[in-house]
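Asker: These protein sequences, in sequence, are chains G and V. Residue numbering for the first sequence follows the numbering used here, beginning at 1 and increasing consecutively. Residue numbering for the second sequence follows the numbering used here, beginning at 334 and increasing consecutively.
Hints are all accurate, no fakes.
Partial pick of chain V residues on the chain G-facing surface, computed with a CB cut under 7 angstroms:
| hint | residue |
| --- | --- |
| 1 | P676 |
| 2 | G683 |
| 3 | A696 |
| 4 | F707 |
These are calculated hints, taken from the structure and not from any lab test. Here the structure is a predicted model, which means the values were calculated and not measured. Idealized CB from N, CA, C, for every residue including glycine.
What follows is each chain in one-letter form.
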Amino acid sequence: MADSPGYIGRLRMVPKSLWVLVVQFAVFSLLVPNFFAVSNFENILRVSSILMLASLGQAIVIILAGVEFSVGSAVALCSIVAVFAVQSVSVPMAFAAGFVIVLVIGAINGTLIAYAKLPPFLATLAMLMLVHGVASLAVGGLPIEAPVSESFYWMGRGKAFGIPVPILLAAFGLVVHYILLSKTTFGRQIYLVGSNERAAHLSGIAVNRIKFLGYVAAAGFVAVSGLILTSRVASGQPNLIPNLPFETISACAVGGLSLAGGRGSTLQVLVGVLIIAMLNNSIVLLNLPTAFQLAVLGFVIIAAVVFQTTPDRFSFLSMRAAFAQKTKPQGDA
Amino acid sequence: MSEQSAPVEKAVLEVTEVKKAYGPTLALTGVDMNLYPGQVHALMGENGAGKSTLVRILVGATRPSGGAFRLNGERVSFHSVSDAIKAGIVPIYQHLTLFNELSVLENLYSFDTATAGLLPPYLGSAAAETAKASLARVGLSVSLEQKVSTLKLGERQLLEIARGLQRNCTVLLLDEPTAALNAHEADRLLEVIRGLAAEGVAILYISHKSDEIRKVADVVTVLRDGRSVICGAPLKDTSVDELVNAMLGHAFAVVDKQMPVPGEIVLEAKQMVLVPGGAPVSFAVAAGEVLGVIGLVGSGAEEIGQALAGARDILSGSIAIDGQLAHPYSRRDAVRMGVGYVPPDRHEDGLFELHSALSNASASILKTVSKFFFLQPKKEKASFSRRFQALALNPNEPDREIQHFSGGNQQKVLVARNLAIAGLRILVLTEPTRGVDVGARDKIHDAIVEATHAGQAVVLITTDLEELTSLAHRTLIVRNGQIVRELPQFSSPDDVALAMLEQE
Numbered sequence: 001m002a003d004s005p006g007y008i009g010r011l012r013m014v015p016k017s018l019w020v021l022v023v024q025f026a027v028f029s030l031l032v033p034n035f036f037a038v039s040n041f042e043n044i045l046r047v048s049s050i051l052m053l054a055s056l057g058q059a060i061v062i063i064l065a066g067v068e069f070s071v072g073s074a075v076a077l078c079s080i081v082a083v084f085a086v087q088s089v090s091v092p093m094a095f096a097a098g099f100v101i102v103l104v105i106g107a108i109n110g111t112l113i114a115y116a117k118l119p120p121f122l123a124t125l126a127m128l129m130l131v132h133g134v135a136s137l138a139v140g141g142l143p144i145e146a147p148v149s150e151s152f153y154w155m156g157r158g159k160a161f162g163i164p165v166p167i168l169l170a171a172f173g174l175v176v177h178y179i180l181l182s183k184t185t186f187g188r189q190i191y192l193v194g195s196n197e198r199a200a201h202l203s204g205i206a207v208n209r210i211k212f213l214g215y216v217a218a219a220g221f222v223a224v225s226g227l228i229l230t231s232r233v234a235s236g237q238p239n240l241i242p243n244l245p246f247e248t249i250s251a252c253a254v255g256g257l258s259l260a261g262g263r264g265s266t267l268q269v270l271v272g273v274l275i276i277a278m279l280n281n282s283i284v285l286l287n288l289p290t291a292f293q294l295a296v297l298g299f300v301i302i303a304a305v306v307f308q309t310t311p312d313r314f315s316f317l318s319m320r321a322a323f324a325q326k327t328k329p330q331g332d333a
Numbered sequence: 334m335s336e337q338s339a340p341v342e343k344a345v346l347e348v349t350e351v352k353k354a355y356g357p358t359l360a361l362t363g364v365d366m367n368l369y370p371g372q373v374h375a376l377m378g379e380n381g382a383g384k385s386t387l388v389r390i391l392v393g394a395t396r397p398s399g400g401a402f403r404l405n406g407e408r409v410s411f412h413s414v415s416d417a418i419k420a421g422i423v424p425i426y427q428h429l430t431l432f433n434e435l436s437v438l439e440n441l442y443s444f445d446t447a448t449a450g451l452l453p454p455y456l457g458s459a460a461a462e463t464a465k466a467s468l469a470r471v472g473l474s475v476s477l478e479q480k481v482s483t484l485k486l487g488e489r490q491l492l493e494i495a496r497g498l499q500r501n502c503t504v505l506l507l508d509e510p511t512a513a514l515n516a517h518e519a520d521r522l523l524e525v526i527r528g529l530a531a532e533g534v535a536i537l538y539i540s541h542k543s544d545e546i547r548k549v550a551d552v553v554t555v556l557r558d559g560r561s562v563i564c565g566a567p568l569k570d571t572s573v574d575e576l577v578n579a580m581l582g583h584a585f586a587v588v589d590k591q592m593p594v595p596g597e598i599v600l601e602a603k604q605m606v607l608v609p610g611g612a613p614v615s616f617a618v619a620a621g622e623v624l625g626v627i628g629l630v631g632s633g634a635e636e637i638g639q640a641l642a643g644a645r646d647i648l649s650g651s652i653a654i655d656g657q658l659a660h661p662y663s664r665r666d667a668v669r670m671g672v673g674y675v676p677p678d679r680h681e682d683g684l685f686e687l688h689s690a691l692s693n694a695s696a697s698i699l700k701t702v703s704k705f706f707f708l709q710p711k712k713e714k715a716s717f718s719r720r721f722q723a724l725a726l727n728p729n730e731p732d733r734e735i736q737h738f739s740g741g742n743q744q745k746v747l748v749a750r751n752l753a754i755a756g757l758r759i760l761v762l763t764e765p766t767r768g769v770d771v772g773a774r775d776k777i778h779d780a781i782v783e784a785t786h787a788g789q790a791v792v793l794i795t796t797d798l799e800e801l802t803s804l805a806h807r808t809l810i811v812r813n814g815q816i817v818r819e820l821p822q823f824s825s826p827d828d829v830a831l832a833m834l835e836q837e
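Could you put together the complete structure from these sequences and hints?
Answerer: As structure tokens, then:
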């Protein structure tokens, strides 16, 4: 009954950003020395796991037609809380405390946006500053070191089944994210609210509750990202990763999520993060100054988004389809 | 008023077959209209008929996609609003464009100030004399130094006209000029308009109010669905019925639908007040009954629908469903109690643009098609396969994105969404077939009839007289937020039209 999409149709359903990733991978493999190596791939995945998990959270918020600027501050406070806590409780308990503090920040964001009706941009920007201020005050502006402990390092530096733990956590996060968005009722409601809030309300969807829970769920992914980073640097720092909000938004945009909300997939987030991670990795491999990284990243965001929002008629597949149409023999009527 | 009978006078403005497309949607499909000097030309039409698009074209705010546009016999095309003003087309909008903190004199010269050099154009006694003459032309006696904020609304309206006249004004375009005025001010304005016409100005007068139009206008053009359906007809030869039929659509012979006999009362609204200071409304709907509600735009008919659906707070009074008081009553509560709602604007309030027809349809029954926290795609699809077939969804591809369906098929999906609500008791539909093709309209009407046979109570809020009279068991006429009359089943469209326009 349903029309089968056919070969071209199925290719069309693949996010355009995947083509960017494939081309980028091929070019870097050929041109960047030491890029094409299993150890380098592992390195890319390990380093990108933090951005991956935080971007998965950001994606939920973006699909809800919102945006989350406080992720960087939240991760910083997470590190400080965990390092403070580990001085008096066990490592798992300390990490649980770090996890909870990020969820609390997510819940505050959700409350401000869903119930107090603040614009997401404003609410999360204010939370960025507020949480950053709290984090700085808590440590008097200076980083605090975690006591040397193998169990504290495990999440960021350890291995399980021969695979780095951050990679396993990112993979687990991707699976959870995929199931949440495309298999659950909650995920469907997130898309509907992001697509047309008024229509969702009139359909009987609890719009406010979905938004609130969306910000909390997003915070869950950000929290895991924060714990990996805390474990890796083994310290609590107020300025741990100030660019995280911008990097996560960039990853979502490069992957092809619409910042207007209502659409986007887990696969697109994965692709967006990998594009940025491969880029950063190559800049390091080429021994280019890190300042270079930011400039190139800006360029890539523009290029990737322009490429994806360009009308279909310019894309390779449509050109082929149009060509096939033209060369088709005229009707014999 | 003799100009129409003696068309020797040349039209100052000729509009022929003007079209306007916004992307794939056609706002104007072909409008003809001729304005003659000394004639007041009324322009009528329901909201969405294309009046505002036509005005935007006339004042140079947007350019037509087709058709011709002649001023004094010469073909013109305006690139901007200032082009149109230079050509002598002066628009007066219902929201005034005066500068409230400046004086009457400064306001009269505000167009010239925009293009003046170093010195403001209103200095000197000559400027003051001209200004006084303009005020006299509209019969306005205020001091030139007075701040506009100290003037009454009616005076401001006249000042706005005086400002337009001070330029060379060949066509005066008035968009609902009396909307904010009281009866006395309105009468004075109409007198001024007649006076200006006598001086030879061509006037285009846009209004919903048919009594006002009868007072002031010579001829009338009616737009419907972007087309001029009545074109410059003399008002004295045009009946109210003809105007209403032209505005709302044809009044076909009533098609006999097999409607059931209403049963028990399902929904009862008691002393419901919807706007501050509004009159309370009370009515009841029974199982298997279609209650029609009709009123002109702004009459409060749509608000009644919103309140019944839980989409609007009621200020006082109550809504009871099956004898049980529904309070608090949010849209979510309403869905749970089995109240479906098809809103008037399907794009703003109904559709999830990037989603499939199926996920658009299932939005109100996500709980029913889920198990624990997970959606059941097979169950979701199965819930709608019969319904989509009955509504003849075309193409019947539930996975296709909603934006790739025609307006009629999008509307079918919205109807399906509400018919699927678990334990549906009441179905509130607002303009369910507006902008929908005939085929889809029939299918949606069939679905309404079927719902009544299944014992559901239907509230049908529509300005489509044919739809209303062929389906409704009873019809409530709403004016100024009040139910002014109730008409029985099988009333003719003419009865309804007359009841709507009756004066209090």
